[in-house]
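Can you build the whole structure from these sequences, using the hints too?
There are 2 protein chains.
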Amino acid sequence: MNHKEELLQKIRENKETVGIIGLGYVGLPLAVNFAEAGVKVIGFEKSKEKADKINKGDNYIKDIRDAVLREVVVDKLMLEATTDESRMKECDALIIAVPTPLDRFRKPDMSYIESACLDIGRNMKSGTFISLESTTYPTTTEDFMLPIIQRESGLKQGEDFWLAYSPERVDPGNKQFHTRNTPKVMGAMSEDGMEIGEALYLKAIDKIHKVSSPRVAEMVKILENTYRLINISLINELALLSGKMGINIWEVIEAAKTKPFGFQAFYPGPGIGGHCIPLDPFYLEHIAKKYDFDLSMIHTAGHINMRMPHYMYIKISTALNHHKKAVNGSNILFLGVAYKPNIDDPRESPALEIMDITAHKGGEVTYHDPYISTVKTNEGRVYQSVELTEETLKSADVVVLTTNHKDFDVEFIQKHAKLIVDLRNMIKESSENVYKL
Amino acid sequence: MNHKEELLQKIRENKETVGIIGLGYVGLPLAVNFAEAGVKVIGFEKSKEKADKINKGDNYIKDIRDAVLREVVVDKLMLEATTDESRMKECDALIIAVPTPLDRFRKPDMSYIESACLDIGRNMKSGTFISLESTTYPTTTEDFMLPIIQRESGLKQGEDFWLAYSPERVDPGNKQFHTRNTPKVMGAMSEDGMEIGEALYLKAIDKIHKVSSPRVAEMVKILENTYRLINISLINELALLSGKMGINIWEVIEAAKTKPFGFQAFYPGPGIGGHCIPLDPFYLEHIAKKYDFDLSMIHTAGHINMRMPHYMYIKISTALNHHKKAVNGSNILFLGVAYKPNIDDPRESPALEIMDITAHKGGEVTYHDPYISTVKTNEGRVYQSVELTEETLKSADVVVLTTNHKDFDVEFIQKHAKLIVDLRNMIKESSENVYKL
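Quick note, the sequences are listed as chains A and B, same order.
So for the first sequence, my numbering puts the first residue at 1419; every next one is plus one.
So for the second sequence, my numbering puts the first residue at 1419; every next one is plus one.
Don't take each hint at face value.
Just so you know, same-sequence chains aren't split out, so a pair can sit in one copy or run between any two.
Straight-line C-alpha distance at most 35 Å; calculated DSBU-like pairs for lysine-lysine [as the list claims (entries may be wrong)]:
#, residue 1, residue 2
1, Lys1474, Lys1662
2, Lys1433, Lys1758
3, Lys1846, Lys1824
4, Lys1707, Lys1743
5, Lys1494, Lys1812
6, Lys1846, Lys1422
7, Lys1758, Lys1593
8, Lys1422, Lys1593
9, Lys1574, Lys1625
10, Lys1621, Lys1466
11, Lys1779, Lys1742
12, Lys1474, Lys1742
13, Lys1833, Lys1794
Because the hints were derived from the structure by calculation, they are not lab data.
Encoded structure:
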């Protein structure tokens, strides 16, 4: 029996071991899904603290139910975490779910993928299926990963191992669509790899959509997020113009939504946050340069979004000025530092950047977020969440609504705040003490 | 009884007369809807030829069934057309559905609206409800129309007449959503106007969505079409890059569509056609300048789309070059000049521009379109549709698929054409004689 038949048989008999590299908001739910399906899972995690937590059954991802994690780790012993990459040789499949951030110059930081490929190349056994889930630029799998893995392992794609790309589509906080019921796109470097990948993933995911190559799958993920980036940028730009023209952009969007075809609503905000939309399109912009191609839509969208926190600062300053106050010396309370509502993730949150700008100009900055007790801004300022009381609201010269967490009691806030800058359309009726984006 | 009560009572008793100014693809369906509801309609049309056609019950709009038009005109006598604007004084309501094109410098051509306002101001009686349906820039109703109508009539908005804006959402060829079942947005200059407008329109339209001002309604329409413009531009730009990277963009889009949330598919094409998407966003760009505002997303999108026909020319030239032929002297057959499938409208169709560029470079241009028997290009060339036969296909050095009419027999075309440039993904399997966008 050859490698392929051996692995397919293991998968059929549920005897394969799956290694998941990176136990974050993508890797951990996937690991839990495999483990729930009765597949033995080893999670590879560089952070010893995270690995220890998992092994104690301590959950740190909001979209996973604590009891489910505890069950697969503690009761069923189907999932364990390790920091020891040499254990990759125990795995029949390795799925990479590591971060792909941008550096400070908005260039792709490929170091996590590179490190995963080095670990895999040096440790995997012959006959392993490898899949990358991290968002990245098209050609990464074929031109960046493959050479590292082949060089380090001395093994050959399509014979000794199979390489595929299958982007994650995790939407943190989405109650309707989670890892299992969100269809998954996959492109493999060879037909055998596709056959194996499909058989494997179908244990954790309901539906696999196959495409002809990894680069097509890479472009799919970038298209999905670029679509969001440019539409958010458009609506932000229209929001700024609408403000000047005396038009309530939120009312415009609600009305446009009554069109039953050919429209999807996006909402303005203080900027774009999270780990996908602000970053992924710049991965594409990066590789486009290699093809002598200028992606003008992404470039323009990025330009608008980079400026949004500055415009928001101007809104705050304008509101204070109306009360004959300067930013310098004023108490400025930000409500919400998560990048979107009802989650505990402040990554790339525009609130942090607005806080930096405001603090830099002499504002006395505080924040409250029910989900995030402490944050560090881009410029390294560290804040602790204050309690949201009548007192804290009253003592603020201006309260800035930066995240529309459903826990926020808008009536209570409005009752006690002297002045509000509402960047999320949380206050529906207009009022002279409320400044809206 | 005051004007308002009088008009509302007429509307309740179905005794009002509605004037519709402009009997094109927006005005005529609306006129028919009112007439079908038992409301007397007078259509004002500058073209005597069109007015005569209507009065004979001759239909010229594909989305209206011939029998329905004949019924309301000939049998029920509920709809008549006239070129005589003095008859506006017979009307209780006047609805404007005239074109709002761009001039050759992409500036709004407001002459049709201006002319309608002059006619209305000089002819309407006191107590008339006026509504504009044409797409235009925000503030048109309040700042452009109102002064003309008040000056010419000597009457006062809110007392002697009521002015509103309610944008058309007609999507030619859409089988599911037509004038009646597409919700309609309306913003009036006064509450009385809104009350009257809603009572009136509900006879022809199932659902009215009220907004707080005409300028909000104006922005709604622009947002809807700008959304489409920028998304088509994005996918066109990504299509060009994908071509360079060996990625089939159509496959990418099909895969992205499997994402069950947060994505809407747009398709690349040789450019943007029709009377809305290529024009409307530039109306907004125009007024934005008055507010010292640069709309960079629209600007960039416009830039991409203006260049698309040139890129398409390069595709044609590249394909011919592969067969050791130049454009100069080659027979080039274009299939489809309508701006979208299954309709008979060539307005702003990118096919015409590609034909101009190709003819300009010495190509022997012909075309076939089952719906359009003759066209005039932007540069004034006039062509007659040729028959689509084995002979015409065989005698073409290259066949360019410019519109994906469902009547096109792709198999037949592929069987007889030497070389195909497919700009609409009509040929699914790849072949060395087929060049795709």
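Right, here's what the structure says about each hint:
1. Lys1474 <-> Lys1662: For Lys1474 and Lys1662, the Cα distance exceeds 35 Å both inside one copy (55 Å) and across copies (50 Å).
2. Lys1433 <-> Lys1758: This pair counts as neither: shortest intra-copy Cα distance 40 Å, inter-copy 53 Å.
3. Lys1846 <-> Lys1824: within (14 Å within a copy, 47 Å between copies)
4. Lys1707 <-> Lys1743: between (47 Å within a copy, 31 Å between copies)
5. Lys1494 <-> Lys1812: Classified as neither: same-chain Cα gap 52 Å, cross-chain 69 Å, threshold 35 Å.
6. Lys1846 <-> Lys1422: between (60 Å within a copy, 31 Å between copies)
7. Lys1758 <-> Lys1593: within (14 Å within a copy, 38 Å between copies)
8. Lys1422 <-> Lys1593: neither (37 Å within a copy, 50 Å between copies)
9. Lys1574 <-> Lys1625: So Lys1574 and Lys1625 pass the 35 Å test inside one copy only (29 Å; across, 63 Å).
10. Lys1621 <-> Lys1466: Classified as within; 28 Å inside a copy, 69 Å across copies.
11. Lys1779 <-> Lys1742: within (16 Å within a copy, 66 Å between copies)
12. Lys1474 <-> Lys1742: neither (55 Å within a copy, 70 Å between copies)
13. Lys1833 <-> Lys1794: Answer is within: at 30 Å inside a copy they meet the 35 Å cutoff, but 65 Å across does not.
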